[in-house]
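Asker: Spelled out from the first residue to the last, the chains are:
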Amino acid sequence: MPTTTIDREPVPTAASPEPPDATLVLPPDVRLYVEPDDFERLCAANRDLRLEREADGALIAMTPASTVSGGRELTLAAQVWNWANATGLGRAFGPSAGFTLPDTAVRAPDVSWIRHERLDALPPGEGDRFARIVPDFVAELRSPSDRIEKLRAKMAAYIAHGVRLGWLIDPKAGTVEIYRPGREAETLTGPKELSGEDVLPGFTLDLTDIVN
Amino acid sequence: MATVTTRRGKAEADRPAGRDAAVSLLVPPDAGLRVDAEGFERLCAANRDLRLELKADGTLVVMSPASSDSGRRNALLTTRLTIWNEAARLGYSFDSSSGFTFPDGSVMAPDASWILAERWRGLSPEDGRGFARIVPDFVVELRSPSDTIAESREKMRVYLANGVRLGWLIDPMTRTVEIHRPGREVETLTRPGAIPGEDVLPGFTLDLSGILTDDA
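Chains as they are written, first to last, in the working numbering: chain D, 1 to 212; chain H, 1 to 216.
A portion of the hints provided could be inaccurate.
In silico lysine to any residue, SDA-like type, Cα no more than 20 Å apart, as pairs [unchecked claim]:
(1) D:Lys172 x D:Val211
(2) H:Lys55 x D:Gly57
(3) H:Lys55 x D:Asp38
(4) D:Lys150 x H:Ala22
(5) D:Lys172 x H:Ala21
(6) D:Lys172 x D:Ala185
Which stretches of chain D does chain H cover? Using the computed rule of at least three CB atoms under 8 Å from a CB of chain H, they are [claimed, not checked]:
(7) 27-35
(8) 38-45
(9) 60-72
So the derived list for chain H, only partly shown, Cβ under 7 Å to chain D, looks like this [said to hold, decoys possible]:
(10) Ala21
(11) Ala22
(12) Ser24
(13) Leu26
(14) Gly32
(15) Leu33
(16) Arg34
(17) Val35
(18) Arg42
(19) Leu43
(20) Val62
Simulated from the structure, these hints should not be mistaken for laboratory data.
Keep in mind it's a predicted model, so treat the numbers as computed, not measured.
All C-beta atoms in this analysis are idealised placements derived from N, C-alpha and C, irrespective of residue type, glycine included.
Taking the hints into account, I'd like the entire structure generated from these sequences.
Answerer: Structure, rendered in structure tokens:
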């Protein structure tokens, strides 16, 4: 019986297609490390994730916030934006804005604010990446899956790098920790509002729809 | 009545969104991610459908499942190696999902591999656990369209540097086979019909029909 052999011409080597991105399940207890340039590429490939990079290169990967947490974030950000817009002293940023700290960590606080004169001093194009600038003000909202110790360490690092006022808001516990340079963190239980102090002059945050 | 099972465990499904939840990360080629050995084992357990390797410097290599055609060629390769091995009874053959921990710290999973019986049996239970701390005597890499030739050759270099005694790089795209042996120049064969296992796989000859060429 005759046999048929099919032997197509070899495919040119140069035709090797770029392999597609693979989807990697990253359990919370696994630490991946990434260099700054690779971190930027990873962020570009994962627009729906919230990624941060620790100073030692460790990757922090977060899912989108829960519905309720996302609503609280916007309530907080909207008040900061309104104040920033009214005073014209600086610019407010939401949770997708990344900043490169002096220790090479890349952070994306839930809300942040920077004075205009500091933003204007950035080199051209710096703002199109994770700008090397430390916000004057940051706020983080704790979501149910966040470990409080990690958020406290994050706030302490912000202050160490030059943030002048930091709020760690825990909506479930109804507490707010206030971080200022050179001072112990102050914990408020059940506050109705927060003062922007001398960092956000004239700003008062209404916590009604943010804290339970 | 039929029951429906899902692969996600309850604990995983109930984990809240946010900063300490498992996430699905899209990993571009050459993403440059690094992980330690312990983290690598956890990643493998969480990603059964991916092929993961670890380079000696801790770089994670993430590969999508093989294309259907590469998988077909790989099945022929593993089958022919295993049929010989079952008759010869000289060692153990391994498929492409078998990972090995090398002396340089890398963890690699060749497309097919083989280990001499007394070496495999001589492994301590500790060294045999998980990605066994042993270097195969023989490995094969079957180049798929998404592999660059440089990547495949780099793998062969790592295999040989860690003690592999015979390595074949089979490239269906160029219809060539590179034969890698310790301390010798790489030998390249163009359109060979079969290749001998030499003194590493005594009596074995791999018929390349359907593997290097499309006929089977």
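Asker: Against the earlier hints, flag every one the structure doesn't satisfy and list their numbers going up.
Answerer: none
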